Amino acid sequence: MDGFYGLTGGYSRLALQYGKGLAAGDSLGKNGWGWANLENTQSWRVVLDSVASMGDLEISTFAFWQKDKKLPLVDRR
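With my numbering applied, the sequence shown covers 581 to 657.
Hints may contain errors.
Claimed, not checked - Cross-link-like lysine-lysine pairs, in silico, DSS-like; alpha carbons within 25 Å at most:
| # | residue 1 | residue 2 |
| --- | --- | --- |
| 1 | K650 | K600 |
| 2 | K600 | K647 |
| 3 | K600 | K649 |
Hints listed in this document are in silico derivations from the structure and should not be mistaken for laboratory results.
Since the structure is predicted, the reported quantities are computational estimates derived from the model, not experimental observations.
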């Protein structure tokens with residue numbers, strides 16, 4: 581996105597991530613390893629990364645949201 585959310589110069593980026601089962605993870609830094617790396621889990625993540633530029637001043641912002649959910653186990657016998 582051009583500019584800082586349309587308010588001033590700089591840049592804005594948005595990243596969305598969803599994982600289910602082995603693709604899920606309870607921590608972005610663990611790269612999918614942890615208790616949430618199970619068949620019955622889901623994970624969602626939203627990351628906002630931005631820099632606002634105002635003349636010689638630049639302000640960096642970062643926001644991170646994550647939600648993990650355990651699903652009921654399904655007997656696949």
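Right, here's what the structure says about each hint:
Taken as a hint, the K650 and K600 pair is honoured in the structure, with Cα atoms around 10 Å apart against an allowance of 25 Å. As the CA atoms of K600 and K647 are separated by approximately 12 Å, the hinted pair is consistent with the 25 Å bound. Of the supplied pair hints, the one linking K600 and K649 holds, its CA atoms being roughly 9 Å apart against a limit of 25 Å.
Violation of the numbered hints given earlier is absent; every hint is satisfied by the structure.
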